[in-house]
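Asker: Protein chains in written order, with our numbering: chain R, 2 to 146; chain V, 2 to 146; chain X, 2 to 146; chain W, 2 to 146.
Mixed in with the good hints, there may be bad ones.
Pairs involving identical chains hold if they fit within one copy or between any two copies, as the list cannot separate such chains.
[As the list claims (entries may be wrong)] No more than 16 Å apart at the CA atoms, straight line, and that leaves these computed lysine to aspartate or glutamate pairs for EDC-like:
no.: 1; residue 1: LYS49; residue 2: GLU63
no.: 2; residue 1: LYS91; residue 2: GLU8
no.: 3; residue 1: LYS49; residue 2: GLU60
no.: 4; residue 1: LYS91; residue 2: GLU61
no.: 5; residue 1: LYS64; residue 2: ASP88
no.: 6; residue 1: LYS10; residue 2: ASP88
The hints are simulated quantities; they were obtained by calculation from the structure and are not laboratory data.
There are 4 protein chains.
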Amino acid sequence: MGVTLEELKKKMADFAKERDWDQFHSPRNLLLALVGEVGELSEVFQWKGEVPRGLPDWEEEEKQHLGEELSDVLLYLIRLSDVCGIDLGKAVLRKLELNALKYPVNLCRGSSKKLKHIHNSTTATATSTSCITNESENGVANNGV
Amino acid sequence: MGVTLEELKKKMADFAKERDWDQFHSPRNLLLALVGEVGELSEVFQWKGEVPRGLPDWEEEEKQHLGEELSDVLLYLIRLSDVCGIDLGKAVLRKLELNALKYPVNLCRGSSKKLKHIHNSTTATATSTSCITNESENGVANNGV
Amino acid sequence: MGVTLEELKKKMADFAKERDWDQFHSPRNLLLALVGEVGELSEVFQWKGEVPRGLPDWEEEEKQHLGEELSDVLLYLIRLSDVCGIDLGKAVLRKLELNALKYPVNLCRGSSKKLKHIHNSTTATATSTSCITNESENGVANNGV
Amino acid sequence: MGVTLEELKKKMADFAKERDWDQFHSPRNLLLALVGEVGELSEVFQWKGEVPRGLPDWEEEEKQHLGEELSDVLLYLIRLSDVCGIDLGKAVLRKLELNALKYPVNLCRGSSKKLKHIHNSTTATATSTSCITNESENGVANNGV
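Could you put together the complete structure from these sequences and hints?
Answerer: Set out below in structure tokens:
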């Protein structure tokens, strides 16, 4: 049940094709549009200070607006992946596996610490683990996906 | 076929729970982590000038790296939606319907124009249409989702 | 006293020229580089929850790192303005004047409210004021520049 | 001559104080507001494809709008630095010196290459150099500040 990334990709491709918008949907155009939507998403949260999970104090209208901004980011992300020829569904399942290797449960439980890691700009260093115990003097937070 | 947003949400929730990371996954923490990943995604494209669809000149390693950055954005987006109590699958299908109303095919075909529209910061102005003909003097591009 | 935007612009231009980097410094390349640096800035804050002004609990090393990320954003912003032919010093002083008109002291004092305002995508609506009293039912926060 | 970062910091601090907005200007609130403005800046460029330096084809109104968005990013960046207790003018001059060490002219001239570098998340690796000759097989672009 539930909507798949494939279905959303198809809907976006059809939407663009019907409007003859493929001419505008270059990778960097879509990337900048995505950044624009992330900006709008940030605006929803910008003057609120910390907000608790579940947004208990938000009005329904605000939550709906938030859902729209989250959706805009998602739609551009899916469209960007598509025009780049990236199979996002396949990529995300692979990334989840890499994350499981990178953040082993036994080393990462409750840890907000991160090893200085070699940041290789063209490929993930998935074979190195990235959590350390709280005994470490390294105070940099980590809880990444 | 294909992975659903629901499945990814579940996987992310389990991943965080196993590592006792729920304590770190507040809405604004996750939002800033998302912004961080969008930054990494942008770095993939930053010195390349315009790149054609399909990324024909990219090496396999670079495409794989791109897939990882796209995935990181997706995973934080899904996690953020979850901790906010937003049903992203439902929201995105609703947003697609709003977009279809906002950008009617007959008015928007091939148009990169956008009406100055009233930007209501708490709810989408879905009932107003946003494309105009090329005769307009308004040169602001539009092809948004 | 203190460093001017003009001086920083000159330093960046010289830096690029000496390294023959003008060829890479197109507007959109620099914009994406800026987004990348904003991502790195966000990472500094991402797992911290709310942090008080003055960052009393941060170690000196972290503050220095923060200063570097803030600087990277500034340098790309100045460089982007330069290659776009925008006089940032002039623009920012004009924007401060527009903000003073847009947010009058007597209407905006202590107010986190914002009128739904007409968002004109090509020019600021500087003549309309944007604050309202707390009696308003509009709960959208505002304290923008 | 020209406006200094110090002057802009003072103007922003006065602006906030007059409106009793200090209560809203926490570090993460301002950071998210900055991200919002970067989103608006990106929207200016999002559907344009590559644009040449100097923006020769842009109308005056568009350039003015661009100047406003660049200014908004600058103002929030300066304000964020201020409330974090970071002396941005001092930090940026130091960063320029670090960059000069990191990207030596003789190694970086015309090079769009970057060494895989150890990314230390709490301090810059300013003593390591980051450019390599074009003979390198590493195709990752670099021209960073």
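Asker: Each hint needs a verdict: does it hold in this structure or not?
Answerer: Taking the hints in turn, this is what the structure says about them:
| no. | hint | result |
| --- | --- | --- |
| 1 | LYS49 / GLU63 | within (12 Å within a copy, 25 Å between copies) |
| 2 | LYS91 / GLU8 | both (14 Å within a copy, 13 Å between copies) |
| 3 | LYS49 / GLU60 | within (13 Å within a copy, 26 Å between copies) |
| 4 | LYS91 / GLU61 | between (35 Å within a copy, 15 Å between copies) |
| 5 | LYS64 / ASP88 | between (30 Å within a copy, 10 Å between copies) |
| 6 | LYS10 / ASP88 | within (10 Å within a copy, 18 Å between copies) |
When the structure is compared with the earlier hints, no violation turns up for any of them.
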